[in-house]
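Asks: This is what each chain is made of:
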Amino acid sequence: MAVVYCEFFHSYLCPQLKTTKLIIMAKKMTIALYTGSFDKLTATGVIINGAVADDMDVEIFVLLMGANAFKKENVGKTDHMAELADKKEEFLASLQQLKIPTWMEYFQQAKEMGNVKIYICGLAGKVWNGLTLGDFNELADDICGIAEYVASAQTADVNLFI
Amino acid sequence: MTTEELKNLKTDKVVDARGSACPGPLMATKKAIGEMKSGEIIEVLSSDPGTKRDVPKWAVKKGFEYLGDILEDGYFRLYIKK
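If you read the protein sequences in the order shown, they are chains X and G. If you use my numbering, the first sequence closes out at 163, no skipped numbers anywhere. If you use my numbering, the second sequence closes out at 1111, no skipped numbers anywhere.
Don't read these hints as lab results, they were simulated from the structure. Every residue gets a Cβ at the ideal spot worked out from N, C-alpha and C, and that includes glycine. Check each hint, because a few of them may be wrong.
Just the calculated beta-carbon pair ranges, DEER-fashion [claimed, not checked]:
#, chain 1, residue 1, chain 2, residue 2, range
1, X, Leu-93, G, Arg-1082, 55 to 65 Å
2, X, Lys-127, G, Leu-1100, 30 to 40 Å
3, X, Asp-87, G, Val-1089, 37 to 47 Å
4, G, Glu-1094, X, Leu-65, 39 to 49 Å
5, X, Glu-106, G, Gly-1063, 14 to 24 Å
6, G, Asp-1041, X, Lys-28, 25 to 35 Å
7, X, Lys-100, G, Glu-1033, 44 to 54 Å
8, G, Asp-1045, X, Gln-98, 12 to 22 Å
9, X, Glu-149, G, Glu-1069, 34 to 44 Å
10, X, Asp-87, G, Arg-1082, 23 to 33 Å
Hey, can you work out the whole structure from these sequences and the hints?
Replies: Here it is, written out as structure tokens:
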């Protein structure tokens, strides 16, 4: 959420107030992140960086396969759950040659530069034996239920299922 | 601005994002411009072809003034006034 101090409102509309705060809600992107494949996670990383550059708040709800990629023991796996097996090697080689960040580096960068929250679906966690936040990598902010995603998506300006 | 005017422009900050792929140059620009004062000029160097459309659109949307760009050998120089 951005807070803007507006001199115009202060002097023109509300002369009786010493300062006026005009609160502007940042635009919001919600993502239902079902995939656990590194290729789609890389694309997600690019998208959320773009959203952050545009000062959007981002809330990511990590669903079934996604939760597997976020498990602590899968940190550092470069070809996790590759979706298109026949393109995997070519894709990986190209990413390395172009020095493209890994999906986790993209997510980390977006979190450092903006307001990005990542929630692991409680059911998905259980499926992969992740019962507490400590079972997931450091990107995860909390474990939540589906109602939170549905409520958040209703107030989002952009909602994606990946 | 014309290419000649851009070449003679006094810039306050230069961001060299050459070699970085989308959205690297955009993120580097955002980071650098956040530390600048209003009225200052930033020069962004990028070899990513998408930057030439991406950064001007972003800059205008954020309320900055896009001054123009110069095509060099294999990269762009883009100029934005905060």
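Asks: Is 34 to 44 Å right for how far apart the beta carbons of Glu-149(X) and Glu-1069(G) are?
Replies: holds, 42 Å
Asks: Taking the Cβ atom of Asp-1041(G) and the Cβ atom of Lys-28(X), is their distance within the range 25 to 35 Å?
Replies: Roughly 29 Å apart at Cβ, these two residues keep to the hinted range, so it holds.
Asks: Are Leu-93(X) and Arg-1082(G) spaced within 55 to 65 Å by their CB atoms?
Replies: At 28 Å between Cβs, range violated.
Asks: Does the Cβ distance between Asp-1045(G) and Gln-98(X) fall inside 12 to 22 Å?
Replies: holds, 20 Å
Asks: Quick check: does the Cβ-Cβ distance between Glu-1094(G) and Leu-65(X) fall within 39 to 49 Å?
Replies: For Leu-65(X) against Glu-1094(G), whose Cβ atoms are near 46 Å apart, the range 39 to 49 Å holds.
Asks: Please check whether Lys-100(X) and Glu-1033(G) have a Cβ separation lying inside 44 to 54 Å.
Replies: violated, 34 Å
Asks: Note whether the CB distance of Asp-87(X) and Val-1089(G) lies within 37 to 47 Å or breaks it.
Replies: holds, 42 Å
Asks: Lying within 14 to 24 Å: is that true of the beta-carbon distance Glu-106(X) to Gly-1063(G)?
Replies: holds, 20 Å
Asks: Is it true that Asp-87(X) and Arg-1082(G) lie within 23 to 33 Å of each other by Cβ?
Replies: holds, 32 Å
Asks: Given a hint of 30 to 40 Å, does the C-beta separation of Lys-127(X) and Leu-1100(G) actually sit inside it?
Replies: violated, 55 Å
In this structure, the earlier hints numbered 1, 2 and 7 are contradicted, and the remaining ones agree with it.
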